[in-house]
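Novice: Residues per chain, in single letters:
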Amino acid sequence: MDEPNTDVIQGTLDMLILKTLSLGPMHGFGIARRIEQISRGVFKVNPGSLLTALQRLERAGWLDPEWRQTENSRRARFYMLTRAGRKQLEVETADWARRVAAVARLLKSEG
Amino acid sequence: MSLWRQLTRGLRVLTHRRAADQDVADEVQHYLELATAAHLARGLSTAEAYRAARLELGSVTSVREQVRGYGWENVIETLLADLRYAARRLRAAPGFTAITVLTLALGIGATTAILSAVNPILFQPLPYPHAGRIAMIREIGSDGSPHDGTFGMYRELAERARSFAAIAALKPWQPTMTGPDQPERFDAQRVSASYFHVLGVPPILGRDFQESDDRLNGPNVVILGDALWRRRFGGDRTIVGRQITLDDDSYSVIGVMPGGFENVLAPTAELWAPLQYDMSQGRAWGHHLRTVGRLRPGISVDRATREIDVLGHAMVKEQHPETYRSDFELLAAPLRDDVTGGVKPALLAILGAVVLVLVIACVNVTNLLLARGVHRRGEFALRAALGAGRRRLIRQVLTESLLLAALGGVAGMAVAMLGVRALVALSPPGLPRAGAIAVDGTVFAFGLGITTLIGLAFGAIPALQATRGSARAGLQHGSRRTDGGHRRTRSALVVAEVALALVLLVSSGLLLRSLQRLFAVAAGFDSSRLLTMQVQTSGHRFNSDGTTYRFFDQALAAVRRVPGVTAAALTSQLPLSGDNDLYGVHFDPSPSDDPGEVNGTFRYAVSPGYIETMRIPLRRGRLLDEHDGAGAPRVAMISESMARRRLPGRDPIGQRLHIGDGPLYTVVGVVGDVKQMSLALNEADAVYVTATQWRFADNVMSLVVRARGDAAALAPAVRQAVWSVDKDQPIVRVATMDGLLTALAAERRFALILFATFALAALVLAAAGIYGVLAGSVAERTREIGVRSALGASRGEILALVVRQGMKLTGLGVAIGIAGTAAATRVIVAMLFGVSRLDPVTYLGVIALLAAVATIACSVPAWRAARVDPASTLRAE
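Quick note, the sequences are listed as chains U and S, same order.
When the letters of the first sequence are read in order and numbered with the numbering used here, they come out as residues 3 to 113.
When the letters of the second sequence are read in order and numbered with the numbering used here, they come out as residues 6 to 882.
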């Protein structure tokens, strides 16, 4: 039996990251963990894709990175949402809702 | 914001690569630790937790690379790596790199330089608003030759012609400015009030001329050119309204022209005054004005021509001016044709030559790249076999080609800048718009573009071939054996190069022989150690002829006293200086078989002793002397061809003639013919009279001085001698006669220098091409040559084998080249003199030269082939 597909839906990773960070600053692993937990394991985030996406979002000006010291005095990179990032999240959320509604209508329609 | 972030973050990564890498590594490491901790919390053992985390993450390096690979800066880094590799490859083949870059530089540079020069002259519009609407109004006489216009015709057209918005007449003027500084004589123009309106450029300071300025005895007003304004008046903006003294008269400055104003109708003119034409002396019909007009929008020059031709003929029919015959023509011609028409054929020929050079350069680069490609097939095959992707390989090759093109482009820009400077320095004095010549960016980009495209196209061939076929075939090819297809292409390219080089060599050979022929023409006098200069009288005190004669007499006497002067004389016009003073001469009684004049007769008003000073031979009768002065019977000398042609079978001595509508002169002598306008033309007749027996005093005379030693060295002393008589008289056009002869051939010499340079470049490129093909072929055939010599071929036979191959290419190229040359030299016919464009001597000479150079190019690879050691080659296989 095939394993269930846990890939993040294409094009939604950015939105999911932004949404997660809107709850507060977080590091890469924290973001992955949170997405996995809240989606109840439906989505598993590939670490390589996640870290690259964080780079991209940072370049776009939606996230600000910050190095913090962890309890065992290691360097950890935390990300927080910028104002532009918050706006982007609203845009993407609205867009997503519109598309989901459209897909739902298509699936409901008969014949 | 985000673009800025992209840029700054990217730059920071580029400049702090190591720190950026550390950040990525730390982040990945941290992720891994947290993941491990999470698995530990789920109850796995340390080792298991670590393993599970690693499994989730995948390869740490790969993730790191993935994150690190994000951002535009990485594209640049790859490119830099490619460039570094390409530079290393090119450094490893210094010969190939140097030759390719040089070839590119030559091709791009020469083309850019020539096109930069030709573009403003032939193709760019003149620097005036709606320049296409400015047209010269030309008069064509019954003999088909153009001549200057008359004031009467100008006035008629300015009043009636509807095709033109404005028409202006203009004539040259050489006023002398006196004042606190040294006297200075300027080139200037007398123009109709509408002149600047016709050109469409108003003064930048002050005002333009008005109709009220341009009438006889109108106000003395003058507009200054920018250069004069800055030089003499320090760019003083309060100049308008100031008075300056020109030829003893006071003129008020009313305006200054802008600095960028280019006066193509008289490039050296520095100031302008209204024409203020004097009609009182019945001079309205003298042909000595040029006429230029601005067409109304939408009117073509053809339509304007039809209108003015009708108007002109109607006027002539009505008023019967004596200087118009009924079969003259009036026509309007675009100003640009008028300005550049004279040099167009020469420039187009030069343009053709440089295009040939560019083609040869391209052929050579193609050849070099193909040759290099053959050598590198093994390398490419190896890299492909080791897993290099096709795109990666091609990108590498293209980077290399682009690097070569860039190097060639930089060197080409240097060549172009030097070339443009050399062109301006070498350019003949008559070259129009020489001031507008500068390196043209568009042209440079074009040359660079073409060679780059070629580099890209032909550079990619070996990479494509290497990646298309199987790796094994490519690797086998690496053992330098023949590759027939490529060699045929390269041989064909060499043949083309030889053919093109032949075209250029023959063209420059023909030009060279023309120049030799031209200088072999006898001018009719002895030009050696002869100093010439123009002496003028300026100012009101010379209004009486007596003062003028006295000044010239005293000046001549003073010059004759200068040590080192063996003879000196004055003449109203100097041969080969551009002077052109023609009169109609009628014999009285007129012989019934007198064919009449062709273009008029050159009139020389000379001081006694002129013929002796110039060493013009006396053929019959006597020379003019001191006794033939004002009160004495009027006498004249004529040239021998004039005597022969106009008085056939008659004794010219004692014949009487009118010069223009003047009194009768009696012919007392016949002298040898002298070239007046050009060495190349067979010229009109000449009549000589003494200055004092001419009906007015010429106020511009040329002084000719025969020196004992170096003529040029005498110039300061002679000038001082003239100024010792009157310090205010301008002296201009100081030159040795030999200098004038050289200047006369300036245009031909200019064309010759360019053609010779291009031909030399073509010869070198062709030789390099032959060498390259043969060297490659010898390298590829080492085994075959080894076998041949093992089988008993002598060194001489091997040598002959290679030389024969080279000569076959040369011979084929020459054969094709001769056919091409016979057609191409049509373009330069106008520049040839005394030599046919099919001149066999030139062709044979050039073929011999090409053969010699080709032999040298063959000899190195041939010698290498002859030294092939059969034992070692056979062992190497």
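Keep in mind the hints are simulated off the structure, nothing from the lab.
It should be emphasised that the depicted structure is a prediction, and the values quoted were computed from it without experimental measurement.
Note that the Cβ used here is the ideal one computed from N, Cα and C, for glycine as well.
Check before you lean on any hint, since a few could be wrong.
What the hints assert, rightly or not - Label-pair ranges, simulated between beta-carbon atoms:
1. U:9 - S:497: 37 to 43 angstroms
2. S:400 - U:9: 30 to 36 angstroms
3. S:8 - U:72: 30 to 36 angstroms
4. U:70 - S:13: 19 to 25 angstroms
5. S:400 - U:39: 42 to 48 angstroms
Unchecked claim - A few chain U residues that don't get close to chain S, going by computed Cβ distances all over 10 angstroms:
6. 44
7. 96
8. 99
To be verified - Covered stretches of chain U, as calculated for chain S (at least 3 residues, CB under 8 angstroms):
9. 11 to 24
10. 27 to 33
11. 58 to 65
Novice: Does the structure break any of the earlier hints, and which numbers would those be?
Specialist: 1, 9
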